[in-house]
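Enquirer: Residue numbers (the UniProt record's numbering), protein chains in the order written: chain R, 1 to 381; chain B, 1 to 381.
One should not assume that every hint holds.
According to the in silico footprint, chain B covers these stretches of chain R (three or more CB under 8 Å from chain B) [what the hints assert, rightly or not]: (1) 6 to 14; (2) 74 to 86; (3) 98 to 105; (4) 311 to 318.
Hints are computed from structural coordinates only; laboratory data are not their basis. These numbers come from a predicted model, not from an experiment. Quick reminder that beta carbons are idealized off the backbone N, C-alpha and C, glycines included.
Protein chains: 2
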Amino acid sequence: MIYLDNAATTFPKPDIVYNAVMEAMKDFGANPGRAGHKLSLRAGRGIYETREVLSVLFNIENPMNIIFTNNATEALNLGIKGFLKKGDHVITTTMEHNSVLRPIIALEEKGIENTIVRCDEKGFINIEDIERNIKQNTKLIVTTHASNVTGTIFPIKEIGKLARKHNIYYMVDAAQTAGVYPIDVKEMNIDILAFPGHKSLLGPQGTGGLYIKEGLDIMQMKEGGTGSKSHELIQPDILPDKYESGTPNTPGIIGLGAGVRYILDKGIDSIRNHEKELLKIFLDGLNEIDGVKVYGPANIEEQAPVISLNIGDEDSSEISYILDSVFDIGTRSGLHCAPLAHETLGTLEQGVVRFSIGPFNTKEDISKALEAIKKIAVEAR
Amino acid sequence: MIYLDNAATTFPKPDIVYNAVMEAMKDFGANPGRAGHKLSLRAGRGIYETREVLSVLFNIENPMNIIFTNNATEALNLGIKGFLKKGDHVITTTMEHNSVLRPIIALEEKGIENTIVRCDEKGFINIEDIERNIKQNTKLIVTTHASNVTGTIFPIKEIGKLARKHNIYYMVDAAQTAGVYPIDVKEMNIDILAFPGHKSLLGPQGTGGLYIKEGLDIMQMKEGGTGSKSHELIQPDILPDKYESGTPNTPGIIGLGAGVRYILDKGIDSIRNHEKELLKIFLDGLNEIDGVKVYGPANIEEQAPVISLNIGDEDSSEISYILDSVFDIGTRSGLHCAPLAHETLGTLEQGVVRFSIGPFNTKEDISKALEAIKKIAVEAR
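So that you can see chain R by itself, here it is in the shape it has in the complex (with noise of 0.2 Å):
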């Protein structure tokens, strides 16, 4: 299959991922961090080891601010469930996810207000609409990094200074840009930062994460055993054993540290790159086909790889799925679990199929992605 599917998951993983997991089972599967014996060690110095990589690429000072998650959906809970209290107003955009919105939703109903700014057409946000939805107890900002729909980048680092001056704490929900978009949660000033592992960071699904600033007081959203404080019946308050309970996803943790350091061996510039060309190849070649509306920025410096589009009336799903059957290319139609993006577009009935490239796409695979879609729309006529 031509796997165009990457905004969802990447595939395929390097080799270095599979072969850490199947080391991490097979030759030291033991529980980390509750035994002192030699394998429970090195499971446990594994799982550190990958906090570090992580603090490397984020420009992270203490790993140990580093919480592992199931998913970025957990990590975004955490953050936004744990730190916003009663009487507190958050603001986020129309172009977030569903797993940013419908935490927030859910919120309402203990007294913490929400703005949701509305974006552009093509899902840009101003800063200044931002800014004058701030209120006295506005306590935090949440936005993506990148739209998952039409991979509109967000000025982050603008954002976060905004937010800076305000007093006021700044959540980026890098779903689509950690490992290709370079993030310095210092000099954007990020508090608090969640990812996925399974996405451009390269590890296996059942991984990502949440990146706590110092000092952050945010509630856990389990308590049990922690490895640490064990005479105790609270929960202890040490990070990262405060938000870790229960036996993590060693191997999957492990896994992401390896595909954290492919990486930063690599060079994440030199990933981007790469995605960039096939992304504009891509962009060029669409604007050549009669019957395609693109959405989103349409332009490489402005988007993340991830590209929606329509063609004619046709039903999105209708169109991925004879992309599937009669192409074998893997595409994903539908709302994408971002409803408010959607209306921002006006595809809330039509949804869109999107193409999102990964670091082993190729320009043979973008070739022929456009090849099926001008043979589709040509059908469409």
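We have chain R already, so just place chain B on it with the hints.
Expert: For chain B alone, coordinates are given in the frame of chain R:
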């Protein structure tokens, strides 16, 4: 290493588990249930098959009533904190793990009362002590199926009957038994069952689950993308989507399915009999070593294959250290995240050295462990 830390996580796993994980990662590493293309559908089918084999194992009618979690701790938190409401009373026991006790204690500040029933010095629960503590507002009884410290088996069928008689719900923590001891949610009146995937179910770390009886009102811990009802800003109410936001641990869950299939093929009785045989050799052997104190029932019919002991007054972590460094035997010392169990046993200061047997241990492992204990006991005299 002679690995006798299977109560923390089983190691090794059957080869089919390693193979299933690799196949899921390499052959169809897509995001399940999100897109409609072949690889995504195959990943989704793999996850559903794991629900199916677990349903067979636990006699669960509808596989969709099984929720996948990161570990048993998350499952216990979801079941306990999602089910209990302000004004409710919950009964549990002193033999519980911190993953039961800490959530229950944390609920006190939300106005949820608890009674922690004291077990005897071998870890046995007296059912009458549970019944005596039932109040008008008692909504839930939570007990372990077998202690993670002494292996003491709880009469869950009888407790289930008691709960039913009083119209109270019953939740079982099967962390030490799922995959080795028979569990039948219908026959045993179990309303909520929490289990780890990576212990006796032989799956990878990063897996666990919660069975929720049809119709129980349990609040989700996380909201987010579910791949269903994407146009809505509130979490969908259908199972399992309500509780499974975000990308799941697909390779882990598929590996868990392989572990459960291994158990079903081999026969749960055959695995249990093997472990009981080794337990008997171990207990008989310990009986002949002077200076060793064994905790719990010391009886293969009354305990899971978890054996806790001390040698004279030696610190338990010192003994575990010697077992690892001199004899290459992996055990776990300390409090095992179960402080009230240790208080019950009178070992809060010394801790205990825990040996736990898995399906791949051999008679030779046990005789080597006995030899090592004997040598250390002679030295310690």
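Enquirer: Each of the hints needs a verdict: does it hold here or not?
Expert: Do the hints match the structure? See the list:
Counting residues of the stretch 6 to 14 of chain R whose beta carbon lies closer than 8 Å to any beta carbon of chain B gives 5, which meets the minimum of three for the stated coverage. Residues of the stretch 74 to 86 of chain R with a Cβ under 8 Å from some Cβ of chain B number 3, which satisfies the need for three, so the listed coverage holds. Coverage of the stretch 98 to 105 of chain R by chain B holds in this model, with 6 residues showing a Cβ closer than 8 Å to a Cβ of that chain against a need of three. Coverage of the stretch 311 to 318 of chain R by chain B is violated [criterion: at least 3 residues with CB-CB distance below 8 Å; count 1].
Violated hint: 4 only; the structure is consistent with all others.
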